[in-house]
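Visitor: Per the working numbering: the sequence shown = residues 1158 to 1631.
Heads up, some of the hints might be wrong.
Said to hold, decoys possible - In the DSSO-like style, the derived pairs of lysine-lysine whose C-alpha atoms are separated by at most 27 Å in a straight line are:
#1 Lys1588 - Lys1602
#2 Lys1348 - Lys1375
#3 Lys1499 - Lys1467
#4 Lys1588 - Lys1523
#5 Lys1476 - Lys1499
#6 Lys1370 - Lys1576
#7 Lys1371 - Lys1603
#8 Lys1295 - Lys1603
#9 Lys1629 - Lys1377
#10 Lys1629 - Lys1374
#11 Lys1374 - Lys1588
#12 Lys1375 - Lys1629
#13 Lys1615 - Lys1371
#14 Lys1576 - Lys1371
#15 Lys1523 - Lys1615
#16 Lys1588 - Lys1371
#17 Lys1499 - Lys1474
#18 Lys1375 - Lys1615
#19 Lys1576 - Lys1295
#20 Lys1370 - Lys1615
#21 Lys1574 - Lys1370
#22 Lys1615 - Lys1588
#23 Lys1615 - Lys1374
#24 Lys1377 - Lys1348
#25 Lys1348 - Lys1371
#26 Lys1615 - Lys1602
#27 Lys1370 - Lys1588
#28 Lys1588 - Lys1499
#29 Lys1629 - Lys1576
#30 Lys1629 - Lys1574
#31 Lys1574 - Lys1603
#32 Lys1603 - Lys1629
#33 Lys1574 - Lys1523
#34 Lys1603 - Lys1615
#35 Lys1576 - Lys1588
#36 Lys1523 - Lys1499
#37 Lys1588 - Lys1603
#38 Lys1262 - Lys1375
#39 Lys1588 - Lys1375
#40 Lys1615 - Lys1629
Think of the hints as simulated: they come from the structure by calculation, not from any bench.
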Amino acid sequence: MLQVRLLEMPLAELEENINLELDDNPALETSTDPADYADGGETAADTPESFEEQTEREERQDALDSALQGIGRDDEMPVASGWSEGGGADYEEMVYGDTTSFYDKLNEQVGELDLNDTERTIMEYLIGSLDSDGLLRKDLVQIADELAIYHNLDVTDEQVAQVLGQLQTFDPPGIGARSLQECLLLQVNRKPAGWVRAQLRRILTHHYEAFTKKHWKKIKDALDLSTDQVEELQEEIRRLNPKPGAALGETMGRSLQQITPDFIIDTADDGTVTFAISRGRVPELTVSPSFTDMVDAYRSNPKGMSRQEKEALLYAKEKIDRAQSYIDAVRQRRHTLYVTMKAIIDWQRRFFQDGDEADLRPMILKDIADRTGLDISTVSRVSNQKYAQTRWGTFPLRYFFSDGITTENGQEMSTRKIKVALREAIEQEDKSRPLSDEALTALLKKDGYPVARRTVAKYREQLGFPVARLRKQS
1158 MLQVRLLEMP LAELEENINL ELDDNPALET STDPADYADG GETAADTPES
1208 FEEQTEREER QDALDSALQG IGRDDEMPVA SGWSEGGGAD YEEMVYGDTT
1258 SFYDKLNEQV GELDLNDTER TIMEYLIGSL DSDGLLRKDL VQIADELAIY
1308 HNLDVTDEQV AQVLGQLQTF DPPGIGARSL QECLLLQVNR KPAGWVRAQL
1358 RRILTHHYEA FTKKHWKKIK DALDLSTDQV EELQEEIRRL NPKPGAALGE
1408 TMGRSLQQIT PDFIIDTADD GTVTFAISRG RVPELTVSPS FTDMVDAYRS
1458 NPKGMSRQEK EALLYAKEKI DRAQSYIDAV RQRRHTLYVT MKAIIDWQRR
1508 FFQDGDEADL RPMILKDIAD RTGLDISTVS RVSNQKYAQT RWGTFPLRYF
1558 FSDGITTENG QEMSTRKIKV ALREAIEQED KSRPLSDEAL TALLKKDGYP
1608 VARRTVAKYR EQLGFPVARL RKQS
């Protein structure tokens, strides 16, 4: 269980955990012997395979810009068409001067509640489980199970739900919602009582599907609204924030200073890819010689030991065993991170060579698990909350994972690659004559992406683009 806990921790959290363990266990010490760091700079070089010549530098830069714009899009919740696209730009702005983290600001509000120890532990775990938008995508039963495993806290999902209800009263409104619909409703419920709030609740509760598809005529007829009333409600909806976590000043759900890459990946001009596991401020750990000497001294005279000496021996042995177990867990974590990252680089070599998002191959957790011999849950823990610094930018590890589909001609293709092509096609279309899904399908097919029309429609919705008639601009 210790290995599992350490494996899940990003580098910054690991540093903090090691410092706590050093304070708590006197048998655990930091080493000052450089020889103890022999395996600390674990790196790997990837022999480059044959690949097509790189495109012109200007074109590659354009591809990089496109890749950076698409970071996290596959993991984002589908956004309803109810607010202006221009407003979303504010949520994507990095704030460099704010050193107070997203989670710190929420924890400050925890102090205003009267919580017992169990409720406080649940609350802190819920806050730590929020995604970058401030939403909770974990199932409450899963959270209850994780609390039992990692915190030895036996609670029901009903107890978790009760604490979640308190979290959802925090500012900004919408924090802790489990879906976009609930996020918007939480904000609507904070509005003053009256006709506007009542109508917004009816729309988001009973006509949500029509709302997401921007079918305002259906909503207007169903609620018997006038044109002016519809415009008033639309204006109120534009004031809602689909990403309440970003309202705290952090696009990634944490301050820029807290994103510490766990992997440093370098790509040479000849295409050679190397990587190293970042040590950060993690010291090399060792068992205290004074404790081992104490145990050896007691064991040399077992018959002559007094009761106090026996108790001291048991105490020292317990601390030594705990220290050695912790050292082994830290080393095992490094080894697991090493083999996982090497497998990811092997699989996604083309991306690490040219930084083009379209070169990301279909890759799921099972692919890396099969290649490394690790369990899928282990690969999942490695990929969670960890970042890789590359020549093309710093990415969360989950960015390199994407599903694949089999096209009509039997070719396996990354869904991310198809979405990149689809997004470019829509962005470059004639806005006065936007392309229908059939036309987009034909265009993608011509460009080498033979996917079905229903697939194109599905990906278009996931990318946040409405149907052609709603994209038309005069």
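Visitor: Are the Cα atoms of lysine 1588 and lysine 1603 separated by 27 Å or less?
Guide: holds (21 Å)
Visitor: For the pair supplied as a hint, lysine 1588 and lysine 1602, confirm whether the alpha-carbon distance does not exceed 27 Å.
Guide: Since the Cα atoms of lysine 1588 and lysine 1602 sit roughly 21 Å apart, the hinted pair holds (cutoff 27 Å).
Visitor: Is lysine 1476 close enough to lysine 1499, meaning Cα to Cα at most 27 Å?
Guide: violated (35 Å)
Visitor: Holds or violated: lysine 1499 and lysine 1474, Cα atoms, limit 27 Å.
Guide: Since the Cα atoms of lysine 1499 and lysine 1474 sit roughly 37 Å apart, the hinted pair is violated (cutoff 27 Å).
Visitor: Given the hinted pair lysine 1576 and lysine 1371, is their alpha-carbon gap at most 27 Å?
Guide: Given that 27 Å is the threshold and the Cα spacing comes to 22 Å, the pair holds.
Visitor: Is it true that the CA of lysine 1375 sits at most 27 Å from the CA of lysine 1629?
Guide: holds (20 Å)
Visitor: Given the hinted pair lysine 1523 and lysine 1499, is their alpha-carbon gap at most 27 Å?
Guide: holds (15 Å)
Visitor: For lysine 1615 and lysine 1374, compute the direct alpha-carbon distance and say whether it is at most 27 Å.
Guide: Answer holds: lysine 1615 to lysine 1374 is near 23 Å, not above 27 Å.
Visitor: Holds or violated: are the alpha carbons of lysine 1588 and lysine 1499 at most 27 Å from each other?
Guide: violated (44 Å)
Visitor: Between the alpha carbons of lysine 1576 and lysine 1588, is the straight-line distance 27 Å or under?
Guide: With a Cα-Cα distance of about 19 Å, the restraint between lysine 1576 and lysine 1588 holds, given a limit of 27 Å.
Visitor: Taken at face value, is the distance from the CA of lysine 1615 to the CA of lysine 1375 at most 27 Å?
Guide: holds (22 Å)
Visitor: Hey, lysine 1615 versus lysine 1371, does the alpha-carbon distance stay inside 27 Å?
Guide: holds (16 Å)
Figure legend: structure checked against the earlier numbered hints; hints not met, in rising order: 3, 4, 5, 7, 8, 17, 28, 38.
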